[in-house]
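Chemist: For the sequence shown, our numbering begins at 2 and goes up steadily by one.
There may be inaccurate statements among the hints.
What the hints assert, rightly or not - With a cut-off of at most 25 Å between alpha-carbon atoms, the simulated BS3-like pairs for lysine-lysine come out as follows:
#, residue 1, residue 2
1, Lys152, Lys257
2, Lys118, Lys167
3, Lys293, Lys153
4, Lys223, Lys261
5, Lys153, Lys261
6, Lys244, Lys167
7, Lys244, Lys223
8, Lys167, Lys93
9, Lys152, Lys261
10, Lys152, Lys242
11, Lys93, Lys37
12, Lys242, Lys167
13, Lys163, Lys244
14, Lys153, Lys244
15, Lys195, Lys252
16, Lys293, Lys195
17, Lys261, Lys292
18, Lys293, Lys261
19, Lys195, Lys257
20, Lys118, Lys153
21, Lys223, Lys242
22, Lys167, Lys153
23, Lys292, Lys195
24, Lys61, Lys37
25, Lys261, Lys244
26, Lys244, Lys152
27, Lys292, Lys252
28, Lys257, Lys292
29, Lys152, Lys167
30, Lys152, Lys293
31, Lys152, Lys163
32, Lys252, Lys223
What the hints assert, rightly or not - Distance windows between CB atoms, simulated:
#, residue 1, residue 2, range
33, Gly73, Ser7, 37 to 45 Å
34, Arg273, Gln137, 39 to 47 Å
35, Leu210, Leu253, 21 to 29 Å
36, Ile44, Asn130, 29 to 37 Å
37, Ala155, Asn130, 24 to 32 Å
38, Tyr70, Ser100, 22 to 30 Å
39, Leu117, Arg224, 39 to 47 Å
40, Ser112, Asp231, 47 to 55 Å
Hint data in this document are derived by calculation from the structure and do not stem from the laboratory.
C-beta: ideal position from N, C-alpha, C; glycine also.
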Amino acid sequence: MKLPDSLLNDIRTLIESTRSRVATAVNAELTLLYWKVGQRISIDVLGEKRAEYGEGMIPKLANQLTVEYGRGWGERHLRNCVRFASVFSNEKIVHTLCSELSWSHFRLVASMEDPLKRDFYIELARMENWSVRQLQERIQSMLYERSAISKKPAETIQHDLKILRKEGRQTPDLIFKDPYILDFLGLNDHYHEKDLEDAILREMEQFLLELGSGFTFVARQKRIQIDDEDFYIDLLFYNRKLKRLVAIELKLGAFKAEYKGQMELYLRWLARHDQESDENPPLGIILCADKKQEQIELLELDQSGIHVAEYLTVLPPREHLQQRLQRSLQNARQRLLGYREANSHDARKK
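Whole structure, please, built from the sequences with the hints as guidance.
Modeler: Right under this line is the structure:
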C-alpha cells in the first residue's frame, strides 16, 4: 500500500512547526535566565562598595558553576550576563525581545557604547528577522554609521526608532545610506556613467542588498516626456516599506547644485504620472563620487525628498572607513550644534 503524500507532508509540517516553536521557547527562556543571572550578580556582587571584592567574586562563582553545570558558565559568560543586564535594564523589554532575538544577537550589541546605535541594530534585527550572521555582517559594514539617520540629532533618531518599534514603519533616513559601498561592481579606476550603470545591472542582486530592505528594480533609463522633450531617469526602484518610487541618478564627479533641479523635475513627473493613490510621494537619490556638504545644506535637499550620497567602488581598509565615517558624524554633530547656537542667539536678540 502506497503512503499518501498528503499525510506525510502534513505530519512533516506538524513536526517542523513544533520543533521551531520549542526552539524559540527554549531560546527565550535561556536568554531570560542569562539576564536574571547578570542582574543577580550586579546586585549582590558588583554592588559591593569594595570593588576589588566584587571583581574577585566573579571568577570564584564561575569556577563553582562550571563544576556543577559545565563549561558554559565560565567567567567570560558571567561577565557577558552582567553586561547584558546592565545595558538592557528593563526586564519587560527584554522579555518582549526574547521571542524575536537570540542570546547571540544580544551579545553582539551589548558591547556597543552608543545606546542609539545599539537600539538601531536591535530594532532592525527584530523587524527584518536578521540571523546572527546577518547582524554581524551589518555591524562590520558599519551600517549604522553609514545610515542617513546617524547624522541626525539624537531626538530625531529616537523618534524614528520609536516609530519603527511601535508602528513597524521605517522612515527614509533609516533606509538610506552614505556612503554606499559598491566594491562588488569590479570597476577599475577609469569608467563612464554608462559603465557604472551597466555594472549595477549585472550585479543587481548585490546592489539591492546594499540599497537596503524593501527595494525592487523597476526600470533603467526610464523615459519621461515633458514639453515634447525627452528625459531619462538612470535607475528607478520601488520600496515597499516606504511605499514610494525611488529615482536614482548616477554622477561620476562631485555634486553640483544643478542636480537638484534635475531630480526635482523627475520626482514631480513621477508624482503626477506614476504614483498610485495609496503610495507616498517619490524620493530621489543622487549618487556622486564626492559630496559638497555646504551646497547640499544650503539647497535644503531633504525638504525636496532628495538624498545625496557618495559611493565607493573600492572598499578602503576598515580603519580608514571607520575614521572617515567618524569624521562625518562629528562634522554633522558640530553643524547641528552650530545651528542650534545660532538659532538661540537669534531668539535672544528678538
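Chemist: Now tell me, hint by hint, if it's right for this structure.
Modeler: Each hint, compared with the structure:
| no. | hint | result |
| --- | --- | --- |
| 1 | Lys152 to Lys257 | 21 Å, holds |
| 2 | Lys118 to Lys167 | 18 Å, holds |
| 3 | Lys293 to Lys153 | 18 Å, holds |
| 4 | Lys223 to Lys261 | 18 Å, holds |
| 5 | Lys153 to Lys261 | 21 Å, holds |
| 6 | Lys244 to Lys167 | 18 Å, holds |
| 7 | Lys244 to Lys223 | 19 Å, holds |
| 8 | Lys167 to Lys93 | 15 Å, holds |
| 9 | Lys152 to Lys261 | 21 Å, holds |
| 10 | Lys152 to Lys242 | 21 Å, holds |
| 11 | Lys93 to Lys37 | 12 Å, holds |
| 12 | Lys242 to Lys167 | 15 Å, holds |
| 13 | Lys163 to Lys244 | 19 Å, holds |
| 14 | Lys153 to Lys244 | 23 Å, holds |
| 15 | Lys195 to Lys252 | 10 Å, holds |
| 16 | Lys293 to Lys195 | 23 Å, holds |
| 17 | Lys261 to Lys292 | 13 Å, holds |
| 18 | Lys293 to Lys261 | 13 Å, holds |
| 19 | Lys195 to Lys257 | 19 Å, holds |
| 20 | Lys118 to Lys153 | 12 Å, holds |
| 21 | Lys223 to Lys242 | 22 Å, holds |
| 22 | Lys167 to Lys153 | 20 Å, holds |
| 23 | Lys292 to Lys195 | 20 Å, holds |
| 24 | Lys61 to Lys37 | 19 Å, holds |
| 25 | Lys261 to Lys244 | 22 Å, holds |
| 26 | Lys244 to Lys152 | 24 Å, holds |
| 27 | Lys292 to Lys252 | 11 Å, holds |
| 28 | Lys257 to Lys292 | 9 Å, holds |
| 29 | Lys152 to Lys167 | 23 Å, holds |
| 30 | Lys152 to Lys293 | 15 Å, holds |
| 31 | Lys152 to Lys163 | 17 Å, holds |
| 32 | Lys252 to Lys223 | 16 Å, holds |
| 33 | Gly73 to Ser7: 37 to 45 Å | 43 Å, holds |
| 34 | Arg273 to Gln137: 39 to 47 Å | 44 Å, holds |
| 35 | Leu210 to Leu253: 21 to 29 Å | 23 Å, holds |
| 36 | Ile44 to Asn130: 29 to 37 Å | 34 Å, holds |
| 37 | Ala155 to Asn130: 24 to 32 Å | 27 Å, holds |
| 38 | Tyr70 to Ser100: 22 to 30 Å | 25 Å, holds |
| 39 | Leu117 to Arg224: 39 to 47 Å | 42 Å, holds |
| 40 | Ser112 to Asp231: 47 to 55 Å | 54 Å, holds |
Violation of the numbered hints given earlier is absent; every hint is satisfied by the structure.
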